[in-house]
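Line by line, the protein sequences give chains A and B. According to the working numbering, the stretch in the first sequence is residues 1 to 315, in order. According to the working numbering, the stretch in the second sequence is residues 1 to 615, in order.
Hints listed in this document are in silico derivations from the structure and should not be mistaken for laboratory results. As the structure is a prediction and not an experimental result, all values here were calculated from the model. Warning: the hint list may mix true and false statements.
SDA-like mimics (lysine to any residue), calculated; alpha carbons at most 25 Å apart, straight line [to be verified]: (1) Lys86/B with Asp265/B; (2) Lys576/B with Gln79/A; (3) Lys270/B with Asp119/A; (4) Lys316/B with Leu283/B; (5) Lys455/B with Lys86/B; (6) Lys140/B with Glu136/A; (7) Lys253/B with Lys219/A; (8) Lys576/B with Leu140/A; (9) Lys254/B with Ser129/A; (10) Lys219/A with Leu283/B.
The calculated label-pair distances, taken between Cβ atoms and stated as ranges, are [as the list claims (entries may be wrong)]: (11) Asn117/A with Glu245/B: 26 to 34 Å; (12) Asp309/B with Leu61/A: 37 to 45 Å; (13) Asp93/B with Asn40/A: 49 to 57 Å.
Glycine is no exception: its CB is placed at the ideal position from the N, C-alpha and C atoms.
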Amino acid sequence: MFSFRLKETVAFMSYRKYAMIFSALLMLAAVASLATNKLNFGLDFTGGTLIEVGFEQAADLETLRGVMTSNGYPEAKIQFYGSSRDVVIRLGLRDDVKAEMLGNQVLDILQENTGQNIDMRRIEFVGASVGDELAEQGGLAMLTALICILVYVAFRFEWRFAIGSVAALFHDVLLTLGLFSVLGLEFDLTVLAAILAVIGYSLNDTIVVSDRIRENFRKLRTGTAEEIINISLTQTLSRTFITSLTTLLVLAALFFWGGALIHGFATALLFGVFVGTYSSIYVASSVALTLGISKEDLIPEVIEKEGADQEEMMP
Amino acid sequence: MLNKYPLWKTLMVAFIVALGALYATPNLYGEAPAVQVSGLRGVEADAATLDQVKAQLEQNNIAYDNIALDKGQILTRFKDTESQLKARDILDDHLGKQYSVALNLTPNTPDWLASIGGAPMKLGLDLSGGVSFLMEVNMKEAMAKAKAGLVGEFRNDLRNEKIRYRSVKEDGDNIVVIFRKVEDLQAAESLLEKRYRDLVLTTDEDELLIKASMTEQKQKEIREYALQQNITIIRNRVNELGVAEPLVQRQGKKHIVIELPGVQDTAKAKEILNATATIEFRLVDTEGDLTSALNGRVPASSILLTDRDGKPSLLKKRIMLTGDHITDAKSGFDEYSRPQVNISLDSAGGSKMSNGTKNNIGKPMATVFIEYKATDKKDAEGNIIFEKVEEIISIATIQARLGKTFRITGAGSQAEAHNLALLLRAGALIAPITIVEERTVGPTLGAENVQLGFKAIMLGFAFVFAFMMFYYRAFGVVANLALGANLVLIVGVMSMIPGATLTLPGMAGIVLTVGMAVDANVLIFERIREEIREGKSIQQAIHQGYEAAFSTIIDANITTLIAALILFAVGTGPVKGFAVTLSIGIITSMFTSVVASRAVVNAVWGGKRLEKLSI
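Pulled out of the complex, with its shape left as it was, chain B reads as follows (with noise of 0.2 Å):
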């Protein structure tokens, strides 16, 4: 037997290594300095805008390499960080508010390599340096809105149908609707339950009551919802801040990550993303007397709430329209040059407000913020208790049927109405959200583990390719080659892989991974040695060795990737970044030391008649 190996089992092998060398290359380029100029608010960069940019640094003798318009983004690169923080700051200023300016690192690969899809190596806050958070959404808070929604539902439906009732409130986790007669009960009964398929009704019609509960399944919507909501709005606030390749993402059930890379000035960033401020429309409640509510007797359908400067007025229970319909509010002035707030909804904010509006024009419309400021309260579970603070910050008339766009004026100064539009425009969330964790690296730290991580990496290398070599020799520079390509798998792979991200922890992985690949050859060569004792012929024993040794690494290393697949699934931070490039190591190591490593050995020594062999 002069153990052949298959062709065409050699070709995949250079294939693929060759394959990964190709998507490993970005990240011997480096990385240039670049500024990115995106828009804000649903506007988008264009030629014009690109001309501005070009216009701009020429005009202040800013030399740049390269400026590109991709996506509505336009992105320059710079030969140093010094024109490109200047280009930063004379951008910054001429573009306008509806761009931000970002810092920006963009990687040096050459266009044809970029344009198969090559790009280096993400790296990972910890190397790159940057801010993270956590963010909880507070469901409980959720829940209690979308109660209070349905209340006001309730009563909307049942005054529209012309059904009397004594009173809908919450009860609890349901809503409890009193009648006064059993006919008006049943009648409720059949509209509610038409109407509200997900929701549960159980009438008693000795006690003249409805009570409606959420099923799991509603119960798990307004949750998602929430979660949803909330990452579109952290998505805009993020955007506001200006930052290059921010990253924000849902996790589990009730939590938000958020990376912004290089920020530094994280004081300013939680205080963007901490704005829980949300806006409501109300009426106001013009026939109620304001000196009785100020002595303490509101009316059953009314609040009192107070503006600014501490005057009070009463408004209506029922929220004409929450702040979660608004997609866009900008400041202007009207034909009178008095200062005015544009504000656009979504349609179903939309027909809400024209139901609302058809029958008050000429009513006053308060317009409401409020706000959740977390105490130091906590509650018996250890959430934070929060503090809704509600404040009146204008009273417009109604002047026409409002629709999907409709303006506010009365709000005072111009300043006053554009941080009106600012407040309407940051959006609402559904639900209060804290921040949980945090974690900041300085950028010299970064820079720092990146240094020390490749030097353990390249260490490590080395020992271990000197014991190979002068253990095994020849055959240990087989397997040596066999982990060089084995690295060069592991970093093409993570290059590829557009959700993998390299972590401290996520190289000592590497380092892990270099340590413990070697294992499947040794297994192997051992085999081989083991073969030739018993008196096989060489290629016999090359053969035998391979073979025999191949269930073994295959068991061994699959309950480790099992182990390495568990950490990824329910690890976090740090050992989700290990836990990747363990995977990928203990896969591509497989593949190069059985594989890649047969089809070495069988080129050198297959097919001829040896004598000895150096293992």
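Just chain A, with the same shape it has in the complex (with noise of 0.2 Å):
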């Protein structure tokens, strides 16, 4: 029988510190990131129009751009697109042109002069007020999940533990922007849909860990919260291989072969399933242990089991 499982349990713990000064680092990394190198938003928040032509042969990106300047449009951005046949072109919010039109304009504009059969593959038009909107309904929207999320799993545990699994998200989507960041990579609304994938995953990892934990707590009889958070970690450690495993194979399918459209949205999925998988593990727990949680907190109240009764009785 082959196992991930490992005999001994491992003292997760007691390696806490360092796990927190290196999350710690991370997120500073991100937030320094964030606030000098922004995030390359994509399309759907910054408005402007995509276009997306298929070339019969190699396309020359230079001979486009003189194209596109000797044309009235300078300030495009050309670029391969997946292949060498496949470019993107695309252009800001401009005054001047009535913007729903462009597409049409550009699309002509490149037939009449590269001599080449293009294949109109895509063209995508954003106004600019629907980018504000959009940005603040993805805010708004990554929001009411984590208050939900708090909601419930205080509801459902115990309250040190709701900090810990919405620190242990606050952490994964911070991270995983912070790649975006540095990456300079696309960031539209697949990759906001990632992102509160990445939520949803990484708080399922959470829970499982924060579950088992909650058990044991109240199963074992010996042992301090420390103890008892490692033997629950290694018990869990094996599931949280496994389950990180076969998300991470389907994922890598998605980013090896699921084409240039999905390809920000794997990204960001891929290195999530990482962080999620790590701060299940290390920002969950600890959080929630340096907040203090004890045995008492997870023990029913009312212990309603036969002869609880009867011990007070007992000489």
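Make one complex out of these two single chains by using the hints.
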């Protein structure tokens, strides 16, 4: 029987100081990068026009830039997208041209000037006001999700766990945003969806661990809080590994074979699953422990077990 | 303890999975190219049209598989796209302007399946190709229009009751009526109070004025009405495009989503959608002095407008009727073979017209065409400023008191009459709209997305399958069965829910569910292993494994479900597509990995004395 199971209890929590310093440093780095590099917001948020075209033969970007410049679009950003025959052209919002007609115009210009048969693959136009609304909505969604989760976990478990799991979520989201900022990857709507999925995944992981900690607090008669958390983490470690592994496997499939459109989504989730796994071990439990979780907090106040009332009668 | 599983649970699992599989099957049949003929503007395709279509197709030797009339639409299926395209062109030429002929893809779902509601999943535009627009209704303009309308109504009411007033005008968000005498003010107050219960009136007897403002409720009603009215009109316009299965839907407080599957000519689509035209009828001011008006002395109750050729006319300020009351307009000829336009109004419009014309027989009435053109200027909030362009398109003499139907003559040529009818029919938008978002996906990219998404799902599936078999042996097979059932259920549920659409992020959601769905089984299996290690009997271990892991699974999944539901509630486009499959996936995976996998485990291992377990 092959197994990831560890025979001995690992003293996870004895390293928690280092882990917390490590996490704090990473989070600081993420904040610093977000403050200086900012996020490379995609069309969904900034507004503007994006045109993706497919050429019959490999396209020459310099020629295309020349064509666009000579037709009054010197600011156009032109890039390959997935292959050398697929090209993406990005245009910012302009006041002088009717924005919603821009896509068709550019398509005509390219068709006329390149001599190649062009396959229109997609045109996207987003107005200025939409992006702001979206950013607002996205932020609001994230906040609502965090609050709902906080309430649910506090209700089902204990407030220290709730704070621990929300801290873990915050940690994961911040680091994923940081990664996108450091690498300058485009942040669009699908990435936002991925980040919310990271919240879901990370939470799933954290709950499984918290659940085991709660169970062990009730079941094991001896041991300090730290020991019990260590035992619980060791017991759930194999499941954490396996689930992360299967999820990473399918995400890898999405990353390598899912196509260019879904690349950002897969990147965010791949990274998110990594940090989510780490944070459920170190961030959530460490925070709960630091906040002073104890046996008493998790033992139900009214014990309705048989014999519980008889103990008092015994001499 | 021999670990029994109740029979009814096993049967329920079998039933649900079979049902899911049944509703998932339409996806295997694929789709056939078809042509859809539907009536425009209230006309419905009927048996006669069906015969006409059949005759045309037979006359031109176009073979078809199947033709059917359903709910005023005729759907003809073809073997290949070549005959489909040929048929479209021929029918488009021969059926006339009252029908729209659109290309369509119709599911090949067998009749017995279709009759119990079986249909394949709807594909989003990113997978099928097509264009989607997000339109924003200019609510400021809608409010301004409503206020202007109220000013007119106030004047009318006061005049009808013979209450003398000095002026009625807009003042910011309010309407202010100024009087000369206190008695007039008091009379007006009791009149207006009775008639306009949804307005807040404040009187100032010293200043001799009444200030009327709209309640929050009234303002909300106006906005709702503007949105609904615009949706109706856009629906009409979209129908003119001849697109199969278009979608026009409100989104939030001021947005309208339009999806046109298969449309490639986005320029034409935009032109038609963007035509923010409206019509107004006004009396011509025959007493006013046109020459002095041209020199800048326009009478207070009149406005100066020009027609297409630049010829000016003085018109009464009061609007007799706005175009949103028009239900139909057709061009034709009168008894002297002169071109005319026949107009039908709704009942409110009919009584307005009747009141407006009864004392004005023999007088000229102007039809004014109003267009809102987007300028490159923006206001402080970043909204595009619209310029109102007004133009007289016809001046006709009122022959008799007009009612719900009337005609306009003097439109010039037949072509002009036809044009006017078209403009009137296109409907008047209550408030101008702008395209704030547009996404067009070409058919090749759509097909590529389907292919890539499918490949990613299959590969991800294969990886997980292989790993689970390797790690959990026989129990791995059970987990894989549960995973397969999960996929079938997701597809089945997606096909059953009318509003669910599969998008590329939705496919990503399925992939993610595949990865995460095994989590529940991993939790259970790890528990069983633990229990065995602790020395429990095999049957006890299985039982304990499922029992103990259950609450963990519920907790873990409910929190993920919360996240997915919030995504669904606030998300749009790709986010929503992802949320749909993720939510469905979470629910079905809980069922398959807890209930269904247990049913299989107990069917194979339950009730026996086992020494060893392949886990």
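For each hint, the structure was consulted:
1. Proximity of lysine 86/B to aspartate 265/B is assessed by CA-CA distance (about 19 Å); at most 25 Å being required, the pair is judged to hold.
2. For the suggested pair lysine 576/B and glutamine 79/A, the alpha carbons sit about 28 Å apart, so the restraint of at most 25 Å is broken.
3. Of the supplied pair hints, the one linking lysine 270/B and aspartate 119/A holds, its CA atoms being roughly 20 Å apart against a limit of 25 Å.
4. Our distance criterion of 25 Å between C-alpha atoms is met by lysine 316/B and leucine 283/B, whose separation comes to about 5 Å.
5. Using a Cα cut-off of 25 Å, the hinted pair lysine 455/B and lysine 86/B is violated, with the two alpha carbons roughly 34 Å apart.
6. Restraint check for lysine 140/B and glutamate 136/A: the C-alpha separation of about 22 Å stays at or below 25 Å, so the hint holds.
7. Taking the CA atoms of lysine 253/B and lysine 219/A, the gap is about 53 Å. The hint is violated against a cut of 25 Å.
8. Note on lysine 576/B and leucine 140/A: the hinted pairing holds, with a Cα-Cα distance of about 15 Å set against a maximum of 25 Å.
9. Restraint check for lysine 254/B and serine 129/A: satisfied, since their Cα atoms lie roughly 12 Å apart, inside the 25 Å limit.
10. Taking the CA atoms of lysine 219/A and leucine 283/B, the gap is about 89 Å. The hint is violated against a cut of 25 Å.
11. Here the CB-CB span from asparagine 117/A to glutamate 245/B is close to 30 Å, well matched to the stated 26 to 34 Å.
12. At about 51 Å, the beta-carbon gap between aspartate 309/B and leucine 61/A misses the expected band of 37 to 45 Å.
13. The given range of 49 to 57 Å is respected by aspartate 93/B and asparagine 40/A, whose C-beta atoms sit roughly 51 Å from each other.
The structure does not agree with the numbered hints 2, 5, 7, 10 and 12 stated previously, though it agrees with the rest.
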